[in-house]
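Number of protein chains: 2
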Amino acid sequence: MQGLKENKNFCIIMAGGIGSRFWPMSRTRRPKQFLDVLGTGETLLQSTFERAKMICPIENIYVVTSKLYGELVEHDLPECRKENILCEPVRRNTAPCIAYAMAKIEKRCEDALVLVMPSDHLIVDKENFVNRIFQGFRLAQREQVLICLGIKAAYPNTGYGYIQYNMDVCSQDDCGIKKVKLFTEKPAYEMACSFVESGDFLWNAGIFIWSLQAIKAAFAKFLPEITEVILKGRDLLDTDQEEAFVEDAYSICPSISIDYGIMEKADNVYVIPSDFGWSDIGTWGALYNVMNKDENGNSVVGKNVMLYDCTNCLINVPKDRLLVAQGLDDYIIVESEGVVMMCKKGEEQRIKQFTTDVEIEKGNEYI
Amino acid sequence: MQGLKENKNFCIIMAGGIGSRFWPMSRTRRPKQFLDVLGTGETLLQSTFERAKMICPIENIYVVTSKLYGELVEHDLPECRKENILCEPVRRNTAPCIAYAMAKIEKRCEDALVLVMPSDHLIVDKENFVNRIFQGFRLAQREQVLICLGIKAAYPNTGYGYIQYNMDVCSQDDCGIKKVKLFTEKPAYEMACSFVESGDFLWNAGIFIWSLQAIKAAFAKFLPEITEVILKGRDLLDTDQEEAFVEDAYSICPSISIDYGIMEKADNVYVIPSDFGWSDIGTWGALYNVMNKDENGNSVVGKNVMLYDCTNCLINVPKDRLLVAQGLDDYIIVESEGVVMMCKKGEEQRIKQFTTDVEIEKGNEYI
Chain A
51 MQGLKENKNF
61 CIIMAGGIGS
71 RFWPMSRTRR
81 PKQFLDVLGT
91 GETLLQSTFE
101 RAKMICPIEN
111 IYVVTSKLYG
121 ELVEHDLPEC
131 RKENILCEPV
141 RRNTAPCIAY
151 AMAKIEKRCE
161 DALVLVMPSD
171 HLIVDKENFV
181 NRIFQGFRLA
191 QREQVLICLG
201 IKAAYPNTGY
211 GYIQYNMDVC
221 SQDDCGIKKV
231 KLFTEKPAYE
241 MACSFVESGD
251 FLWNAGIFIW
261 SLQAIKAAFA
271 KFLPEITEVI
281 LKGRDLLDTD
291 QEEAFVEDAY
301 SICPSISIDY
311 GIMEKADNVY
321 VIPSDFGWSD
331 IGTWGALYNV
341 MNKDENGNSV
351 VGKNVMLYDC
361 TNCLINVPKD
371 RLLVAQGLDD
381 YIIVESEGVV
391 MMCKKGEEQR
401 IKQFTTDVEI
411 EKGNEYI
Chain B
51 MQGLKENKNF
61 CIIMAGGIGS
71 RFWPMSRTRR
81 PKQFLDVLGT
91 GETLLQSTFE
101 RAKMICPIEN
111 IYVVTSKLYG
121 ELVEHDLPEC
131 RKENILCEPV
141 RRNTAPCIAY
151 AMAKIEKRCE
161 DALVLVMPSD
171 HLIVDKENFV
181 NRIFQGFRLA
191 QREQVLICLG
201 IKAAYPNTGY
211 GYIQYNMDVC
221 SQDDCGIKKV
231 KLFTEKPAYE
241 MACSFVESGD
251 FLWNAGIFIW
261 SLQAIKAAFA
271 KFLPEITEVI
281 LKGRDLLDTD
291 QEEAFVEDAY
301 SICPSISIDY
311 GIMEKADNVY
321 VIPSDFGWSD
331 IGTWGALYNV
341 MNKDENGNSV
351 VGKNVMLYDC
361 TNCLINVPKD
371 RLLVAQGLDD
381 YIIVESEGVV
391 MMCKKGEEQR
401 IKQFTTDVEI
411 EKGNEYI
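Chains A and B, in that order, are what the protein sequence lines are.
Just so you know, we're using this note's numbering here: the first sequence kicks off at 51 and counts up by one.
Just so you know, we're using this note's numbering here: the second sequence kicks off at 51 and counts up by one.
A hint or two may mislead.
Any copy, or any two copies together, can satisfy a pair, since identical chains are not distinguished.
[Unchecked claim] When the alpha-carbon atoms are kept at most 30 Å apart in a straight line, the in silico BS3-like pairs for lysine-lysine are as follows:
| # | residue 1 | residue 2 |
| --- | --- | --- |
| 1 | K412 | K343 |
| 2 | K315 | K343 |
| 3 | K412 | K369 |
| 4 | K412 | K132 |
| 5 | K395 | K353 |
| 6 | K103 | K266 |
| 7 | K343 | K132 |
| 8 | K236 | K271 |
| 9 | K58 | K343 |
| 10 | K402 | K353 |
| 11 | K394 | K369 |
| 12 | K176 | K231 |
| 13 | K394 | K412 |
| 14 | K353 | K369 |
| 15 | K353 | K343 |
| 16 | K353 | K394 |
| 17 | K176 | K266 |
Just so you know, the hints here were simulated from the structure itself, not pulled from any lab data.
Produce the complete structure using the sequences and hints provided.
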């Protein structure tokens with residue numbers, strides 16, 4: 051891997067999500083990425099930043115977040131340069147977020163190689179992850195391509211994007227990298243089933259690798275309305291007028307994902323099938339699937355939890371809370387900041403309803 | 051009822067229990083009687099004191115408690131005379147407790163009529179209760195008898211005492227009062243079933259009525275070892291040596307219940323069958339039985355509780371706690387001072403095991 055952790059390697063960490071499905075732990079004022087949901091002692095953002103440090107110098111790591119969360123990012127990442135924390139005035143999905151960060155990076159390094167990743171995913175095997183990223187960087191340096199990371203589709207999750215691939219890229223170093231045939235966002239259940247059965251579909255992990263020039267060209271081609279807006283303010287970036295410019299730019303930028311805006315349309319998209327142990331930890335159930343479990347299938351975060359006749363439960367309570375539970379099977383039990391939630395694991399899609407009801411009945415204190 | 055709320059009517063409220071089956075709400079440092087377990091805004095002790103005020107003047111109400119709880123009693127009952135709060139140095143069951151309070155009362159009124167009642171029971175129909183007590187006082191004034199209140203045995207509870215009665219007392223005013231044939235403490239299940247079936251058994255509510263002279267004679271006959279100990283210190287009561295005397299007296303007093311020590315042995319015992327709506331609220335399940343329930347059979351204490359698909363649950367959480375629960379049937383869910391406990395209602399006898407385990411693993415902080 052010599053020469054790979056070079057100064058033209060950059061990372062963009064996307065940390066603007068609101069993680070509503072992780073209620074009550076995830077709150078509007080402190081979403082999932084700022085929480086230690088795995089009980090490791092690190093927030094998900096901190097773990098992500100540590101991974102980024104294996105890819106590039108600290109000064110090349112950018113974090114894009116909502117201006118609501120700027121202070122939370124600073125708090126979680128004291129090592130991160132303050133000028134690398136980019137605050138979005140409003141949520142506009144991933145394409146504007148990436149365009150903004152790319153414009154910042156371009157002013158520092160026109161031939162940058164960039165890794166884009168969400169701040170709230172779990173990566174189990176970090177070495178494997180780093181190897182995949184560097185493999186992607188090598189291809190991105192050589193050719194004007196857009197690369198995403200794909201995870202073998204294990205079950206028909208209808209909340210994910212699916213990537214169908216076809217032929218291998220031929221060079222030896224690129225061994226395993228596939229040309230993408232089709233991107234499909236959130237398929238219907240029957241379609242998701244057929245994807246999983248067919249075997250040549252991967253989940254889109256939302257992790258991207260490209261050269262600055264490649265993504266710039268793609269934006270110009272597929273999202274010129276965003277390119278124009280951001281381009282106009284190029285000279286204002288890194289000045290005291292940046293904030294006002296970004297405020298204006300975001301007010302007129304369309305809200306669109308990078309997947310829908312570019313990846314689904316471009317014909318130079320590649321995927322690296324990956325097996326480093328991944329989860330988007332998108333729901334409590336997804337978290338349960340990746341957590342360690344005791345002999346009864348219970349996954350527990352909390353120092354004082356005593357279970358009797360409990361099986362297959364996910365429990366997450368504060369350190370100082372004594373929880374004694376008896377006779378529960380397949381429940382999610384979470385306590386966080388004034389709220390206790392108990393819900394059958396199979397019913398967790400109703401958490402959205404709970405939060406809506408809570409907001410109506412109790413106001414936004416608990417949301 | 052003219053002339054009944056006279057100065058020779060006295061009440062003794064027994065408030066020394068530790069309520070271990072009500073964990074985690076009931077704690078060693080604040081047992082059940084000092085809690086608002088019914089969510090009425092009053093602690094059980096406060097409700098009991100209010101009932102006592104319907105029977106006799108405030109200055110004739112005595113509260114016997116552990117010295118650990120003297121301050122809690124003072125806090126809950128600002129109206130209660132401080133010299134009427136009797137603090138026991140150690141727990142010695144009900145007989146010494148009653149003997150001590152009787153000795154205090156005797157110094158004020160040798161022909162007192164006394165109601166003895168636990169501090170932690172529920173009485174639904176207070177007027178009916180008061181009528182029963184005054185009926186008892188009239189009999190106790192006329193004859194040297196020991197009277198207890200009996201509740202129609204509704205199901206074979208093996209934790210209660212049972213009273214078998216036979217003939218009616220004949221005078222018109224005593225209508226309904228029965229002579230007691232047999233006292234049986236905590237029968238085996240099969241025996242409890244036969245008691246309930248036979249129809250002439252009542253539960254012993256632990257509420258007693260007698261004249262001071264009648265109970266004094268009974269103590270002299272059946273518990274002379276307690277009479278002697280207390281009698282010795284008669285002159286020290288209401289002096290600054292009372293505390294030291296009581297300390298000594300309790301150290302040598304046997305630990306024995308009034309039921310076992312006197313009521314089971316005496317032949318002048320009567321019972322007033324009562325139907326004022328009673329529960330000893332001895333367990334969470336017993337509390338559930340007497341609580342109001344919503345249309346799904348859930349009994350809820352707490353301002354911010356939202357239930358989805360929950361049935362037959364007993365829920366008791368602090369006012370400021372938001373609890374969202376989904377898909378639970380027949381559970382007890384209680385939060386109190388750092389502890390959340392969830393337990394199937396049918397398994398609540400295991401709470402004792404939980405507290406033992408908690409004490410071993412976590413120390414007595416949570417007990």
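Status of the hints after comparison with the structure:
1. With identical chains, the CA atoms of K412 and K343 are at most 30 Å apart between copies only, with a shortest distance of 22 Å across copies and 35 Å within one.
2. Neither within a single protomer nor between protomers do K315 and K343 lie at most 30 Å apart by alpha-carbon distance, with minima of 41 Å and 58 Å respectively.
3. Within a single copy, K412 and K369 get their C-alpha atoms as close as 26 Å, and across copies as close as 13 Å, so both meet the 30 Å cut-off.
4. When the C-alpha separation of K412 and K132 is checked against a cutoff of 30 Å, the pair qualifies neither within a copy, at 37 Å, nor between copies, at 43 Å.
5. Both within a single protomer and between protomers do K395 and K353 lie at most 30 Å apart by alpha-carbon distance, with minima of 22 Å and 26 Å respectively.
6. Taking the shortest alpha-carbon separations for K103 and K266, only the intra-copy value of 24 Å comes in at or below 30 Å, while the best inter-copy value is 84 Å.
7. For the identical chains of this complex, K343 and K132 are neighbours neither inside a copy (38 Å) nor across copies (56 Å), given an alpha-carbon limit of 30 Å.
8. With identical chains, the CA atoms of K236 and K271 are at most 30 Å apart within one copy only, with a shortest distance of 25 Å there and 85 Å across copies.
9. Taking identical chains as interchangeable, the C-alpha atoms of K58 and K343 are never at most 30 Å apart, the minima being 41 Å within one chain and 67 Å between chains.
10. Taking the closest pair of Cα atoms, K402 and K353 come within 30 Å of each other both inside a single copy (28 Å) and across two copies (21 Å).
11. In this assembly of identical chains, K394 and K369 lie within 30 Å of each other by CA distance both inside one copy and across copies; the values are 23 Å within and 25 Å between.
12. Proximity of K176 and K231 under a CA criterion of 30 Å is satisfied intra-copy only: 28 Å inside one chain copy versus 80 Å between copies.
13. In the homo-oligomer, the alpha carbons of K394 and K412 lie at most 30 Å apart both inside one protomer (23 Å) and across protomers (29 Å), since each shortest distance falls under that limit.
14. In this assembly of identical chains, the alpha carbons of K353 and K369 lie at most 30 Å apart whether taken from the same copy (5 Å) or from different copies (25 Å).
15. Taking CA atoms no more than 30 Å apart as the test, K353 paired with K343 passes inside one copy only; the shortest distance there is 15 Å, against 34 Å between copies.
16. Both within a single protomer and between protomers do K353 and K394 lie at most 30 Å apart by alpha-carbon distance, with minima of 23 Å and 23 Å respectively.
17. For the homomeric pair K176 and K266, the shortest alpha-carbon distance inside one copy (29 Å) is at most 30 Å, but the shortest distance between copies (81 Å) is not.
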